[in-house]
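> The primary structure of each chain is shown beneath.
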Amino acid sequence: MTPTVREVLQGCTIAIVTPPSADAGPDYAASRFGMVAMMIGLAAQEADRCAAAAIAENADVRALFAAASAYDGALGGRLAKAAAEVDADLTVPALDATNARLRRLVIELHEQVEEAGDAATNRAIVALYVRMAAGRRLALGGG
Amino acid sequence: MSSLAERLGAYLTRTWDEPVAIEALARISGGASRETYRFEAVTAAGRRPLILRRDPPASLIETDRRSEFLALKSFHGRGVAAPEPLILELEGAELERPFFIMARIEGGAASSPFAPDPYAPHAAKLGEDFFGTLGRIAAADPATLPIAELGDAPAPDDCWRRALDYWSGVIDADELHPQPIVRAAVRWLRRHPPPPAQKISVVHGDYRSGNFLHDGSGTMLAVLDWEMAHLGDPLEDLGWAMDPLWRHFETERVAGMVTKAEAIAIWERASGLKVDPAAFAWWELFASVKGQAIWISSAKEYRDGGYAEPILCFSGWYTARRQDEILAERLAELAA
Chain S
1 MTPTVREVLQ
11 GCTIAIVTPP
21 SADAGPDYAA
31 SRFGMVAMMI
41 GLAAQEADRC
51 AAAAIAENAD
61 VRALFAAASA
71 YDGALGGRLA
81 KAAAEVDADL
91 TVPALDATNA
101 RLRRLVIELH
111 EQVEEAGDAA
121 TNRAIVALYV
131 RMAAGRRLAL
141 GGG
Chain W
1 MSSLAERLGA
11 YLTRTWDEPV
21 AIEALARISG
31 GASRETYRFE
41 AVTAAGRRPL
51 ILRRDPPASL
61 IETDRRSEFL
71 ALKSFHGRGV
81 AAPEPLILEL
91 EGAELERPFF
101 IMARIEGGAA
111 SSPFAPDPYA
121 PHAAKLGEDF
131 FGTLGRIAAA
141 DPATLPIAEL
151 GDAPAPDDCW
161 RRALDYWSGV
171 IDADELHPQP
181 IVRAAVRWLR
191 RHPPPPAQKI
201 SVVHGDYRSG
211 NFLHDGSGTM
221 LAVLDWEMAH
231 LGDPLEDLGW
241 AMDPLWRHFE
251 TERVAGMVTK
261 AEAIAIWERA
271 SGLKVDPAAF
281 AWWELFASVK
291 GQAIWISSAK
301 EYRDGGYAEP
311 ILCFSGWYTA
321 RRQDEILAER
331 LAELAA
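Protein chains in written order, with this note's numbering: chain S, 1 to 143; chain W, 1 to 336.
Worth flagging that the hints you see were computed from the coordinates, not collected in a lab. Quantities reported herein were computed from a predicted structural model and do not represent experimental measurements. Some hints could be false.
To give an idea of the interface, some chain S residues facing chain W are shown, with a C-beta separation under 8 Å as derived from the structure [as the list claims (entries may be wrong)]:
id	residue
1	27
2	55
3	59
4	87
5	89
6	127
7	138
Computed Cβ-Cβ distance ranges for the label pairs, DEER-style [unchecked claim]:
id	chain 1	residue 1	chain 2	residue 2	range
8	S	40	W	18	54 to 62 Å
9	S	127	W	84	32 to 40 Å
10	W	103	S	29	46 to 54 Å
Using N, Cα and C, we set each Cβ at its ideal position, and we do this for glycine too.
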């Protein structure tokens, strides 16, 4: 996902160690540090949950692929192949890379489903989207 | 190198052809797409409180500072609380990057769109002003306003396509991690085009809670951030203003002010236009697509800019996640 926790924390570090410009008013500096504090709070949430969220989302997508086998031929057998995979490398970069690949295939599948006018599978994909978005939720002001 | 205040003073001295001293120059939080500074310009005639808006090295959205200047010129003094635009400098001159200067509106505050219930107990009164002002912007005839200089008005049946092509192009160009939810929304919008615009209006482009100054008693003092102003379907602004992202986490009141039905009624009275439910449903979904395109761009600019701007991180991360939830819920309603 973008940005990653690593990128967020890199940015927070840069903002903290970079001296404010001579023209920055006190309100601007306070606002900027307030934003950094909020980023750190959100990063704490993300660090706790991002691996679990990626694993859950990847599994959910694979389950959809398994159920959408009617489209496997049109997609060159990639649905069945992806559905049979498991997340062996549980580092966040590896999970993110797998997630990106699965998401690209979801987009292709959804296009096929729309073209076919398949309302039931469309609803299943949109329900997946709702779960995906909820699984990545960040809460302002804490977890 | 001389300070920004010295360079600004030199520019104004040259432009106004009289000695100008710059005092109390200080950067303020004024949107992510521009560097915003408050300052006093002191001349023999007195002291003027002003705002400088300068393009940053990297911006949240690619904006046309001329559009913003012409939009302000179009509405200042015409029944819309638009600050008076004073100087547009596209070449940057002494300040090295394009900028413009406008009058400063004193005594107002802008509320964060993510603050809970920021307008109580004056939310209803403010809602009347907020959606009434938007209606007056929609009612204006762009052909009679300075913004007509921009030209390039879309045909009524092409507003939706032009807007969607632009923002889906932004997604194509800037997407880092694949975004199936917003891409599904883009396809839905293409399959279900809205009816033609009932008129071509000035579209503010970012008219929402958080982008105006209010007096704390239910009155708007200034509509801000006109940098995405363009000509198009007036429902574009209305859909954007009502996007759930700007609701302050409320379910009943749009923009944290009034109910959706009340907002539409206020807007219709002020604009003399009607809100067609089918057309508006299209522009509501489009608003969330446009939002997600902006947040996707933010994430890319955050990375490309070396992670230096916290606001780009917030927009490309927290806001993008919220927008995905809003989009997914809308798609679920449409698929039911």
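> Please go over all the hints and tell whether each is borne out by the structure.
Going through the hints against the structure:
no. : hint                        : result
1   : 27                          : holds, 6 Å
2   : 55                          : violated, 16 Å
3   : 59                          : violated, 16 Å
4   : 87                          : violated, 17 Å
5   : 89                          : violated, 18 Å
6   : 127                         : holds, 7 Å
7   : 138                         : holds, 5 Å
8   : S/40 with W/18: 54 to 62 Å  : violated, 49 Å
9   : S/127 with W/84: 32 to 40 Å : violated, 51 Å
10  : W/103 with S/29: 46 to 54 Å : violated, 25 Å
The structure fails hints 2, 3, 4, 5, 8, 9, 10 (numbered hints given earlier, in ascending order).
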